[in-house]
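J.: One-letter residues, chain by chain:
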Amino acid sequence: MAGTLFTPEVLTGVLATGIRLASPLLYAALGEMFAQRSGVFNLGVEGIMLMGAFTSFLVAFSTGNLWLGLLAAMMVGLLMGLLMAFVSVSLRAKQGISGIGIYILGWGLSALFFRLTLGSITTVSGFEPVSISVLSQLPFLGPVLFRQNILVYLALILVPVSAIILSRTTLGLQIKAVGENPEAVDSLGVNVYGIRYLCVTLGGIMAGLGGAFLTIGQMNMFVDNVTAGRGFIAIALVYFGRWNPFGILGGALLFSVLDALQMWVQVLGVALPYELLVMLPYVLTIVVLALAVGRAGGPAALGKPYVRGGA
Amino acid sequence: MKNAIWLQRRSIFLNLLVPILAVLVAFAVGAILLLMAGANPLVAYKPLFFGAFGSRFGITETLVKATPLLLVGLGITIAYRGNVLNIGAEGQLIAGTVVCTWVALAFHLPGALLLVLAMLAGSLAGALWGAVPGLLKARLGANEILITVMMNSIALLGLGYLIRGPMIDQEAVAFGTGYPQSALIPPAAWLPKLSQTRLHFGFLIALLCAALVYIFLWRTALGYQIRAVGANPEASRYAGIDVPRNIVVAMFLSGALAGLAGAIEVLGVHHRLLDGISAGYGFTGIVVALFGKLHPLGTVPAAFLFGALLVGADMMQRAVGIPAGLVNAVQGLVVVFVVSSEIFTQRRG
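Taken in order, these protein sequences are the chains called A and B.
Just so we're aligned, residue 1 is where the first sequence starts under the working numbering, counting upward by one.
Just so we're aligned, residue 1 is where the second sequence starts under the working numbering, counting upward by one.
In short, the hints are calculated from the structure, not lab data.
Any given hint could be a false lead.
Calculated lysine to aspartate or glutamate pairs in the DMTMM-like style (CA-CA distance at most 20 Å, straight line) [said to hold, decoys possible]:
#1 Lys94(A) x Glu342(B)
#2 Lys94(A) x Asp224(A)
#3 Lys94(A) x Glu234(B)
#4 Lys304(A) x Asp275(B)
#5 Lys176(A) x Asp186(A)
#6 Lys94(A) x Glu180(A)
#7 Lys293(B) x Glu342(B)
#8 Lys46(B) x Asp314(B)
#9 Lys304(A) x Glu128(A)
#10 Lys304(A) x Asp224(A)
#11 Lys304(A) x Asp314(B)
Calculated from the model, a selection of chain A residues having no Cβ within reach of chain B, i.e. all distances over 12 Å [stated by the list, open to error]:
#12 Asn65
#13 Ile104
#14 Thr123
#15 Val124
#16 Ile157
#17 Pro160
#18 Ala290
Calculated from the model, a selection of chain B residues having no Cβ within reach of chain A, i.e. all distances over 10 Å [stated by the list, open to error]:
#19 Leu21
#20 Ala106
#21 Asn143
#22 Leu157
#23 Ala174
#24 Pro186
#25 Ala188
#26 Trp218
#27 Gln225
#28 Glu234
#29 Phe283
#30 Ala319
#31 Pro323
#32 Ala329
#33 Gly332
Built from N, CA and C at the ideal position, the CB exists for glycine as well.
Isolated chain A (complex conformation):
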């Protein structure tokens, strides 16, 4: 069995699949990283992803234009991000609970609209892999990295872009400062609420993109609860990656390659109940959370609503 499992073809397949599976997690987790860096814990990512997944599918299905679908998912993500920002920043609601509300809302809405509009499971032809000319001919690296769809490339590019924004721009410094010590930053004239609104809304847009990836970049269909917990896993990856884009990339890849391996084991027909294999990513997330969180790290003002002029 081990012999048939670890042929070079399978290894390439597992890694290529892993990178593809990592992309929706990357979108959602990088967005959540910005929200958390600014001090807001957005637990509604799963619900926003579900709405992004549904909206992009519906628009792509009815217009035949995948890019419009993507845009629609970003719009819905923006709106739900704004709602989360309004509730948690302006109304200073308990962030864990309000996020759960957003999650249940997105879950119910996506299921409701799916039944009312499409009614049954249909498919679209989603984003096709784009081979990058010479690079895709490279042995091993070619099929793993350079024969992916465009959304995968975009997700990978967003990692260094996020890192540069965070560490090399004024905005990035302000975001980090707002998440660490909002009182001090406020006294310097930085708009704390504005930065938090921006980050949470950006997180919403990215979660919408992550959801869109699932339906029009990976599965080419929408089913109820298509995200299957990926929004929550993305939040766990933010902890695992220590609020750092490259750390998040590492976590997403590790996680997704193991997930891909689990899928290949199923495909190869190894006699293990599939429920137990599908369970592995969730078990892994718990292990990751238990080991990685510890006490150090994390923005100091994470989860604490800010009141101008003191409470």
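Assemble chain B onto chain A, guided by the hints.
T.: Structure of chain B alone, referenced to chain A:
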């Protein structure tokens, strides 16, 4: 003094008003959403609101659904009072159904004894399923919200595996049907019915639990400690309260109530283990707890209301084909509104 009484009255009034307003606004938003999707909200809402009260069946069915909602809501209340955000009631409930069914099938005991044993075993299973994230939070500081969400998925997949594998009804398989469900538990271990409907004795157990949770939280030292830790962990630590231990205890009890809800679903309603046995009670229970303002006596009417809503949703889906997902969306809005409105009800000072 007079002012203080007025403030107190005002706060009680607001505490009652806000959840009701939240539900009304949520339904108004729901109507707009239905219009956007091209459905007529009036057609949808008629069976949704009147389905539960239009018949004897509707009323008893509401109480059948209120039973697990009340138990789960009480458990969530204990956890949230201790500042532990337990999202894992769904998984804890499923753990309860699995172990309860297993005990009821595996042990050959006199009916009443088997019933009690299976109920306690289910409750214990939920308690342990809840204590794991409690321990991880208390000892390592791991985020309990994410861990309980993951444990929901694990429980759901575990249930799917068990009813297709080790726990599948062997007689049905031999007979050639082989639905993914367990064998029926012995009728002697079923919870007695309260009337000629599906309403069962478990409803009274749930009401009793509401009283017990109230006494626990407000009349015992342990309950006081949990509330103190929830209100102010730093101060509690200085006062000599063992904060980590209270987190674990709160999650254990929270899970025990969800597990009990699962056991009662098996013993009183389904009499076997099957797919979708929880029907999302673990999530609706969160809404029930928040709507009940995290007070055991508030959860009772909240459980009735959302039980009625679930019954109405079934009827709406059957009568006019509006999917029950609408009720989920409304529940999400209720949570958002209730939690956002705290800024208006809390006294500043």
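J.: Would you mind marking each hint as holding or not holding in the structure?
T.: The hints, checked one at a time:
Proposed proximity of Lys94(A) and Glu342(B) is supported: the alpha carbons are some 9 Å apart, at most 20 Å. Using a Cα cut-off of 20 Å, the hinted pair Lys94(A) and Asp224(A) is violated, with the two alpha carbons roughly 28 Å apart. Taking the CA atoms of Lys94(A) and Glu234(B), the gap is near 18 Å; set against the 20 Å cutoff, the hint holds. For the hint pairing Lys304(A) with Asp275(B), the CA-to-CA distance comes to about 40 Å; that exceeds 20 Å, so the pair is violated.
Restraint check for Lys176(A) and Asp186(A): satisfied, since their Cα atoms lie roughly 13 Å apart, inside the 20 Å limit. Among the hinted pairs, Lys94(A) with Glu180(A) is consistent with the structure: their alpha-carbon atoms are about 18 Å apart, no more than 20 Å. The hinted pair formed by Lys293(B) and Glu342(B) meets the criterion: a straight-line CA distance of about 10 Å does not exceed 20 Å. Distance hint between Lys46(B) and Asp314(B) is fulfilled; the C-alpha atoms sit about 12 Å from each other, no more than 20 Å.
Distance check on the hinted pair: Lys304(A) and Glu128(A) sit about 43 Å apart at the alpha-carbon level, beyond 20 Å; violated. Taking the CA atoms of Lys304(A) and Asp224(A), the gap is near 33 Å; set against the 20 Å cutoff, the hint is violated. With a CA separation close to 40 Å, the supplied pair Lys304(A) and Asp314(B) exceeds the 20 Å bound. Remark: the non-interface label on Asn65(A) is consistent with the geometry, its nearest Cβ contact in chain B lying 21 Å away (cut-off 12 Å).
At roughly 4 Å from the closest C-beta of chain B, the C-beta of Ile104(A) falls inside 12 Å, breaking its exclusion from the interface. Non-interface status of Thr123(A) relative to chain B is upheld: no Cβ of that chain comes within 12 Å, the nearest being about 21 Å off. The claim that Val124(A) is not at the interface with chain B holds, since no C-beta of that chain comes within 12 Å of its own (minimum 20 Å). Residue placement check: Ile157(A) keeps its beta carbon more than 12 Å from all beta carbons of chain B (closest about 27 Å).
For Pro160(A), the condition that its CB be more than 12 Å from all CB atoms of chain B holds, with the nearest at approximately 27 Å. A Cβ of chain B approaches the Cβ of Ala290(A) within 12 Å, the least distance being about 5 Å, so the stated non-interface status is violated. Chain A leaves Leu21(B) outside its interface by the beta-carbon criterion, the shortest separation being 15 Å against a cut-off of 10 Å. With a closest Cβ-Cβ approach of about 21 Å to chain A, Ala106(B) is found to remain outside the 10 Å limit, as its non-interface label requires.
Residue placement check: Asn143(B) does not keep its beta carbon more than 10 Å from all beta carbons of chain A (closest about 6 Å). At roughly 4 Å from the closest C-beta of chain A, the C-beta of Leu157(B) falls inside 10 Å, breaking its exclusion from the interface. With a cut of 10 Å on Cβ distances, Ala174(B) stays outside the contact zone with chain A, its closest approach being about 21 Å. For Pro186(B), the condition that its CB be more than 10 Å from all CB atoms of chain A holds, with the nearest at approximately 28 Å.
Even its closest Cβ contact with chain A, about 32 Å, leaves Ala188(B) beyond 10 Å, as expected for a residue assigned away from the interface. Chain A leaves Trp218(B) outside its interface by the beta-carbon criterion, the shortest separation being 22 Å against a cut-off of 10 Å. The Cβ of Gln225(B) lies farther than 10 Å from every Cβ of chain A, with a closest approach of about 21 Å, so its non-interface assignment holds. Here Glu234(B) stays apart from chain A, with its beta-carbon at least about 14 Å from theirs, past the 10 Å limit.
Annotated as non-interface, Phe283(B) brings its C-beta within 10 Å of a C-beta of chain A; the closest such distance is 6 Å. Look at Ala319(B): its CB is around 15 Å from the nearest CB on chain A, clear of 10 Å, so calling it non-interface holds up. Once the 10 Å rule is applied to beta carbons, Pro323(B) is inconsistent with being away from chain A; the minimum gap is 4 Å. The beta carbon of Ala329(B) sits about 3 Å from the closest Cβ of chain A, which is not more than 10 Å, so the claim that it is off the interface is violated.
Distance check for Gly332(B) against chain A: the nearest CB is about 3 Å away, which does not clear 10 Å, and the non-interface claim fails.
This entry does not satisfy hints 2, 4, 9, 10, 11, 13, 18, 21, 22, 29, 31, 32, 33, going by the numbered hints stated previously.
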